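Number of protein chains: 2
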Amino acid sequence: MEKNERSTHIPGKEKEVDIINIKGIEDIGYVQPDSILLNSLTPEENTQCQHGLYFQDGEKRVDYILTYHIKKPSSSRSNRQSSLFTDNAFTRSFRRGTARLGRPPPPQPRGDPEVASQDHSMDYHEDDKRFRREEFEGNLRDMGLELEKDEDTKTPGVGFVKIHAPWHVLCREAEFMKLKMPTKKVYEVKQCSGVGAKINTLVNKATEPLHPNVEENRAQNVKHLSYAFSREKQHLFDLSDRDSFFDSKTRASIVFEVLKRTKCTKAKYSMGITSLLGSGVYTAAYPLHDGDVDGENVEPNDRKLLYEEWASYSVFYKYQPIGLVRKYFGEKIGLYFAWLGLYTQMLIPASLVGVIVFLYGCATVDNNIPSMEICHPRNNITMCPLCDRACNYWKLKEACGTARASHLFDNPATVFFSIFMALWAAMFMEHWKRRQMRLNYEWDLTGFEEEEEELKDHPRAEYELCVMQKSLKKEHKTQKTEKEKLTCRDRLPAYMTNIVMMLLMIGVTFAIVFGVILYRISITAALHMSNNPTTRSNVRLMVKTTAAIINLVVILILDEVYGAVARWLTVLEVPKTDKSFEERLIFKTFILKFVNAFTPIIYIAFFRGRLVGRPGSYLYVFESYRLEECAHGGCLMELCIQLSITMLGKQLIQNNLFEIGIPKLKKLIRYIKSKRRSFQEEEREKKLQRYETDHFLEPFAGLTPEYMEMIIQFGFVTLFVASFPLAPLFALLNNIIEIRLDAKKFVAELRRPVAARAKDIGIWYNLLRGVAKVAVIINAFVISFTSDFIPRLVYQYMYSPDGSMHGFVNHTMSYFNVSDFQDGKEPMDPQHLGYQVEMCRYKDYREPPWSNTPYVVSKEFWAVLAARLAFVIVFQNVVMLMSDIVDWLIPDIPKDISLQIHKEKILMVELFMKEEQGKMQFIDSMTPCHGKERNNHAPIARSRSIPHTHSHTHANNF
Amino acid sequence: MEKNERSTHIPGKEKEVDIINIKGIEDIGYVQPDSILLNSLTPEENTQCQHGLYFQDGEKRVDYILTYHIKKPSSSRSNRQSSLFTDNAFTRSFRRGTARLGRPPPPQPRGDPEVASQDHSMDYHEDDKRFRREEFEGNLRDMGLELEKDEDTKTPGVGFVKIHAPWHVLCREAEFMKLKMPTKKVYEVKQCSGVGAKINTLVNKATEPLHPNVEENRAQNVKHLSYAFSREKQHLFDLSDRDSFFDSKTRASIVFEVLKRTKCTKAKYSMGITSLLGSGVYTAAYPLHDGDVDGENVEPNDRKLLYEEWASYSVFYKYQPIGLVRKYFGEKIGLYFAWLGLYTQMLIPASLVGVIVFLYGCATVDNNIPSMEICHPRNNITMCPLCDRACNYWKLKEACGTARASHLFDNPATVFFSIFMALWAAMFMEHWKRRQMRLNYEWDLTGFEEEEEELKDHPRAEYELCVMQKSLKKEHKTQKTEKEKLTCRDRLPAYMTNIVMMLLMIGVTFAIVFGVILYRISITAALHMSNNPTTRSNVRLMVKTTAAIINLVVILILDEVYGAVARWLTVLEVPKTDKSFEERLIFKTFILKFVNAFTPIIYIAFFRGRLVGRPGSYLYVFESYRLEECAHGGCLMELCIQLSITMLGKQLIQNNLFEIGIPKLKKLIRYIKSKRRSFQEEEREKKLQRYETDHFLEPFAGLTPEYMEMIIQFGFVTLFVASFPLAPLFALLNNIIEIRLDAKKFVAELRRPVAARAKDIGIWYNLLRGVAKVAVIINAFVISFTSDFIPRLVYQYMYSPDGSMHGFVNHTMSYFNVSDFQDGKEPMDPQHLGYQVEMCRYKDYREPPWSNTPYVVSKEFWAVLAARLAFVIVFQNVVMLMSDIVDWLIPDIPKDISLQIHKEKILMVELFMKEEQGKMQFIDSMTPCHGKERNNHAPIARSRSIPHTHSHTHANNF
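Here the protein sequences line up with chains X and A, keeping their order.
Note that the UniProt record's numbering gives residue 700 to position 700 of the first sequence, counting from 1, and the numbers run on in steps of one.
Note that the UniProt record's numbering gives residue 147 to position 147 of the second sequence, counting from 1, and the numbers run on in steps of one.
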């Protein structure tokens with residue numbers, strides 16, 4: 001398996017590809033002239049090796065690609081072009097990394113012949129890199145992988161290393177990774193019988209058009225028994241077709257596993273693949289897509305199938321072909337889409353109920369006694385001015401519109417709906433656990449341990465660089481080289497920066513929210529100066545809308561800023577593993593984005609209009625700005641407006657504009673550019689190799705942004721659902737698009753990600769649980785403090801003379817004697833309403849002027865407050881208890897799955913016992929003696945004593 | 001391995017033991033006369049085979065024992081004796097089972113020669129059983145086990161089947177069970193270096209006397225790498241000493257595994273070992289203890305070591321030798337004791353803080369302004385009578401004693417303490433998770449999956465019997481035999497009974513609590529009639545104490561009753577597996593015992609004295625009984641008394657009386673009996689075989705009662721800790737005894753349990769979490785509603801003129817004008833205090849008589865209520881948040897363990913890769929061609945091509 005390798009570039013030969021010889025790593029020199037150079041393939045040959053999906057021999061499949069930067073002394077033009085592609089994050093981070101290492105930062109290899117001195121130092125680094133590459137590739141060959149190089153593609157400046165894992169490597173690694181593979185043994189999956197079966201068939205027929213047109217959805221009534229692959233137990237598996245036994249995703253992840261384990265040790269510090277990528281020795285590492293998604297004569301492949309049956313808006317109403325997604329992208333991405341699918345499905349009942357609740361509000365708006373009383377011309381109560389001096393007395397009838405509107409969202413049905421949504425969230429969690437378990441069973445992950453995978457995770461490149469740097473420093477001082485690690489002390493500055501920046505960012509959010517509040521206050525104050533009621537109401541609407549839009553824009557901008565800040569802060573922290581990097585990043589992003597999205601909403605829900613004082617002694621901040629007050633009828637209406645604008649705006653703009661628009665724009669720019677430089681167009685005309693096409697795609701950046709977007713949406717759906725029952729509907733509409741949008745991105749616009757095994761969605765599940773928990777508390781407070789639900793109940797059962805709501809409006813308003821106005825605070829135009837006002841009313845529970853303690857909060861205030869608080873306690877604990885009961889009642893493992901797993905276990909033991917007996921009988925027939933002496937020792941021989949004739953078949957058995 | 005078997009009893013030969021031949025099961029007939037009978041061993045031989053620990057040949061270890069009942073025609077006396085031992089639950093349940101099967105119930109085999117007709121039907125059943133036994137034992141031999149029978153021991157009427165698992169069976173089953181065994185590879189466990197190491201050494205030296213004198217505690221700095229045992233990888237393991245490679249616990253569990261899998265299929269319905277035990281075919285199944293615990297010349301064994309170093313009160317201050325416990329009893333029991341140990345350890349800081357809080361209360365009792373005000377002679381307020389007519393006006397000074405006492409438990413420190421205890425509970429949970437993880441690592445369970453073990457669980461005997469019965473019934477009707485299972489409909493009656501009985505039991509608890517309340521009320525009412533103040537206070541104390549004692553006695557009695565009822569109800573339900581049986585039983589027992597223990601306490605904490613009305617219009621139930629009122633100073637004092645009596649009483653009586661006293665009493669009775677029948681004494685003098693001694697021990701009944709006792713104690717420690725800070729101290733003292741008590745029971749008084757693997761303590765962890773969660777809420781309510789903490793705070797910050805507590809007592813009391821007494825409600829002796837009372841005071845927040853709305857609850861009432869409720873919300877959410885933060889901050893896996901696990905993984909891969917390379921090199925040296933053709937196919941040969949000379953060594957390789 002060892003080959004000898006040679007990668008020096010011989011200029012002049014235009015089309016050449018290195019064929020790599022295999023030989024022990026020990027005798028690889030830098031320049032060995034004995035390699036065989038072949039010309040690149042002619043177009044016919046190209047088709048033969050399937051556009052780069054196979055090695056030049058057309059047989060060995062390319063399982064993985066490493067790319068690196070090559071410098072061509074000739075053709076500076078095309079070289080400049082290449083740097084366009086290679087100047088990516090990796091080379092940038094390399095520059096930063098080496099800068100830290102104390103070496104002079106290498107200039108970006110531009111290859112301009114004018115800058116010869118720069119070229120020189122660059123050459124040194126290039127040589128260094130090439131040397132490392134050679135060592136690494138030698139080590140890879142040592143591990144049994146086969147490599148082929150292609151430095152002279154149509155993409156100048158980029159060299160490709162094609163990696164193929166031969167059968168014996170696949171087997172070995174599959175055994176190490178404990179991959180569960182289907183065995184020959186097939187068993188029947190029990191279908192329900194009798195009535196159940198009939199219903200099942202009917203349901204299946206009815207939902208037939210909803211199923212994607214993918215064959216894996218059919219014939220589910222038999223299943224292959226799976227067993228962790230082991231070379232000793234090869235006979236269990238159906239190895240008739242070795243090429244397809246391990247599918248392309250598995251092969252790629254196996255190669256990736258080997259890559260992660262391989263180290264460069266010749267240099268001072270051992271470097272794994274992450275460090276090599278980080279320091280720019282390689283520029284990218286990715287597996288290949290299965291084929292093209294469109295084009296006339298493309299042969300069918302999984303990617304094309306996914307593109308047609310999944311990543312298309314025309315199939316939005318269908319189920320997702322999750323099995324195929326998993327087969328192509330691996331379990332981790334499969335789980336994301338399964339989760340997204342389930343979430344969207346679960347949103348259907350939630351939005352249905354939400355719409356019904358909203359309609360109920362609409363239908364009962366005319367029967368609502370408090371708003372009727374407010375609107376009734378006879379109950380025309382004179383209200384106190386809403387601010388000192390500038391404002392005038394007003395009639396309660398003016399609040400008629402808002403009172404009617406707020407009934408839409410503030411009625412008993414919303415209380416029911418928020419309980420419903422809390423239980424819905426619990427159901428969703430449980431449902432997901434079950435779905436996850438079902439998928440684990442279907443995907444043969446039941447025996448797979450998560451930790452193993454995670455613990456194997458290699459240190460990140462940045463971490464290794466940092467440790468290296470520290471070792472170097474220490475070495476300078478002490479001349480000792482020992483294994484270093486980053487201590488708390490090394491990290492203290494980063495941690496401090498983290499804390500300070502996080503607080504600063506949260507402070508910025510608060511400041512901006514406060515700024516918007518000031519904007520609203522000052523405009524409103526100016527407004528009160530004007531006397532024209534039409535401008536006034538117009539301006540008020542305008543202020544509300546503009547404020548909400550400003551908030552939205554700020555949220556959108558800060559969202560992007562915070563994403564970048566969180567990433568920067570996490571990079572500063574230099575976490576050790578990718579897993580810890582991801583967790584820290586998620587944690588920070590989650591906090592910042594949540595604070596960003598929900599601060600204005602929380603302000604409106606719980607702080608606005610709480611501390612306003614009373615007529616005659618309104619509270620002021622900064623001496624001149626009065627705290628905001630809600631319109632008569634509660635703040636719920638404004639909360640609702642803010643919520644709907646934020647949610648709709650975020651979804652429309654972030655999803656549609658950013659996710660759809662920007663790629664389109666990019667394409668347009670590229671198109672215009674390519675028109676300008678038409679020579680490049682020609683080059684594009686030529687058929688690119690698969691690995692080149694994939695190289696042009698964006699690298700896969702993880703599922704974090706996708707999950708994050710969804711979890712914030714989940715926040716909108718659950719946190720304030722008491723005030724906005726239409727949220728689930730908006731979310732549903734958004735998600736139907738979102739699924740296909742993400743699918744398109746994964747299938748057509750990203751490099752294929754390395755398949756990662758995962759049993760669950762990890763930290764996201766905990767975040768969802770956390771949001772659902774917080775939602776219960778927030779909803780309890782929204783219902784009891786933001787809405788008028790509790791005061792209405794208290795009035796009805798404690799104060800109402802006839803048990804009805806009549807008189808409620810009157811009861812909620814206190815009296816104010818205008819003679820109690822301090823000097824300078826009475827309205828400038830007391831005759832504004834046309835008559836002399838002696839007593840005006842305001843919305844608060846305070847003692848009347850004629851009591852012993854005028855204008856002090858009254859007993860009713862305390863009674864209502866106690867009722868509100870009691871409601872919070874009862875609601876929170878009852879809903880949490882109900883969620884726990886739902887959690888407890890629904891078993892985490894679906895019954896049929898647990899039966900199947902049990903059955904599989906039994907079948908497995910049976911299979912092995914039969915095998916044992918077979919061996920036993922075989923031995924019995926081999927040994928002639930049946931006597932008593934057999935009892936003392938166990939049978940001797942083993943099947944291995946039979947001579948192996950088909951040595952080729954068993955060649956890979958170790 | 002197959003032997004031919006013969007078990008017919010040949011009468012006349014007194015001492016005989018069957019030697020069992022091994023032969024294929026196919027030709028086992030019922031009576032085959034060709035077996036070889038040997039005489040039983042002489043006493044010398046007996047010592048040789050180590051008192052029954054080995055087969056007669058002195059080499060094969062007895063791994064498991066099955067016992068069955070044998071009928072001896074002769075010597076009815078000894079037979080009667082035997083029935084004493086065999087008439088246990090199994091035979092009883094068999095009788096019930098067969099009765100259900102429609103057969104005539106067989107009489108208990110007494111063997112009296114007079115009742116010949118009964119003998120006849122019994123003989124039939126005996127034959128049937130013997131037939132089944134023979135089939136089962138044949139099947140066992142088929143599985144490779146070796147059996148030896150001993151029907152003629154010194155225990156008449158009981159036959160013993162000794163089971164030995166030979167090496168190849170052990171290997172096969174270990175592979176199936178994926179047992180992790182230590183490999184030859186040893187690696188160093190990293191010790192902390194530098195200062196850490198020094199501190200560590202110091203701590204170790206300081207705690208030296210605390211460590212038990214067991215060698216496994218030493219030399220922990222190297223560890224064997226463990227790997228799931230596999231016969232193909234035998235070379236990895238150190239098999240030099242095959243006898244000790246699998247220890248006795250592992251051997252027993254392996255045999256048990258085979259037993260569970262083996263079925264009798266010849267009869268109409270297949271029966272597993274559980275059914276066979278259930279139907280009395282076998283009477284018991286147990287593994288053997290390692291040896292005797294005491295006696296002069298007993299050779300050292302693990303059991304003796306445990307007895308001396310663990311199960312002894314003299315080592316109460318030492319750590320437990322958990323490793324040895326696990327080695328002897330298996331992981332499940334090891335985890336119980338590790339948990340109990342950690343819980344006891346964690347109680348030390350809790351009780352320390354508790355004592356400090358109590359002492360703080362004692363120290364500040366003289367500075368407490370409210371109690372000073374109550375006791376001060378100058379503030380001598382006239383209080384209203386506490387009941388209508390019979391009671392008199394009284395002076396507030398009379399309440400001085402209770403007011404001072406209640407300060408001990410009602411001071412700001414208790415608020416701190418209940419927050420502390422909530423966090424303590426969270427810490428305990430986290431600590432346990434870490435300890436569990438550490439133990440998992442040390443015990444090589446890190447890769448072991450719980451579910452596998454659980455899913456394999458076989459149906460319980462009762463379930464199988466029930467299914468059989470149903471099938472039989474159906475067969476009668478439809479003549480079809482198909483696999484049946486119990487449907488919801490079959491179980492409906494049982495479920496209904498369950499629900500009704502549970503409600504009834506809870507009702508009984510409530511009724512009894514209510515009865516005690518009535519007792520208290522009526523005595524108190526009678527008391528008020530008397531005029532003598534000394535009798536009055538004496539009787540009041542007596543009433544309180546007797547009521548608490550009655551409550552305690554009732555709790556103790558009902559505890560036993562409820563245990564039995566829960567078991568009976570669960571048996572009625574016929575759960576399918578042992579696991580589900582256990583879970584249902586735990587669930588029911590938990591509910592009943594918790595309700596039983598905490599109902600009186602919850603009544604006192606939250607209901608007593610809440611709805612008493614006011615002077616002049618006290619509330620009555622049943623027209624004559626007034627609802628109870630607490631003494632002045634809150635109910636906290638009474639709650640505290642009730643708690644301490646219940647907790648102390650339960651622990652003292654249940655633990656010391658029941659668990660220590662009753663076994664002693666039994667021994668005494670046995671001693672007296674044996675004196676009477678001295679001939680039996682003689683028999684006892686003879687040395688019994690190990691399996692006979694163990695047969696006389698109690699069977700192991702599961703860990704449920706032990707855990708249940710502890711969880712109820714945990715409830716006492718956490719639920720009402722706000723009112724009783726000494727609870728952790730009491731619990732600590734109890735647990736120090738409890739550990740050694742349980743240890744003694746397991747080591748000396750119970751049959752050895754089959755070792756069960758377990759990664760965690762299962763459902764108990766969830767129950768603990770649940771209790772801890774409920775504790776937060778209950779403590780919040782106790783602090784805010786039962787104690788006077790909130791009213792004091794409200795007074796201090798809202799009403800106090802100078803911000804101090806002066807005037808608080810006055811503020812909490814309302815005025816009552818004696819002229820407002822309705823007719824017949826005024827005190828009979830208004831001049832009792834020596835002067836005419838015009839205005840009296842009572843403890844409530846009500847409007848004074850001179851207000852517009854006299855005697856209506858005042859604004860202060862609502863303000864205090866709102867404050868109380870707000871405190872509950874804040875306390876609950878803050879404490880829960882803090883618990884979550886503790887949960888989140890403390891990683892579940894200790895860092896060193898996660899590093900070790902990681903290291904192990906890497907070492908494992910390295911080991912395998914080395915092996916691979918070794919093979920590769922070997923092949924390279926075998927194949928002469930080094931040329932290019934090697935590149936196309938992988939190496940061919942495998943190590944198996946070497947001829948095996950030591951066939952005996954590899955004999956077990958399949």
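Don't take every hint at face value.
To be verified - Straight line, CA to CA, 27 Å or less: simulated DSS-like cross-link-like pairs of lysine-lysine:
#1 A/K433 to A/K71
#2 X/K905 to A/K895
#3 X/K233 to X/K223
#4 X/K905 to A/K759
None of these hints come from the bench; they were simulated from the model.
Just so it is clear, the structure is predicted and the values come from calculations on it, not from any experiment.
Would you check the hint for X/K905 and A/K895, treating anything up to 27 Å between C-alpha atoms as holding?
This hinted pair is violated, its Cα atoms lying about 34 Å apart.
Between X/K233 and X/K223, does the CA-CA distance stay at or below 27 Å?
Holds: X/K233 and X/K223 sit about 19 Å apart, inside 27 Å.
Please work out if A/K433 and A/K71 have their alpha carbons no farther apart than 27 Å.
violated, 52 Å
Given the hint that X/K905 pairs with A/K759, test it: the Cα-Cα distance must not exceed 27 Å.
With a Cα-Cα distance of about 20 Å, the restraint between X/K905 and A/K759 holds, given a limit of 27 Å.
Hint violations for this structure: numbers 1, 2, all remaining hints satisfied.
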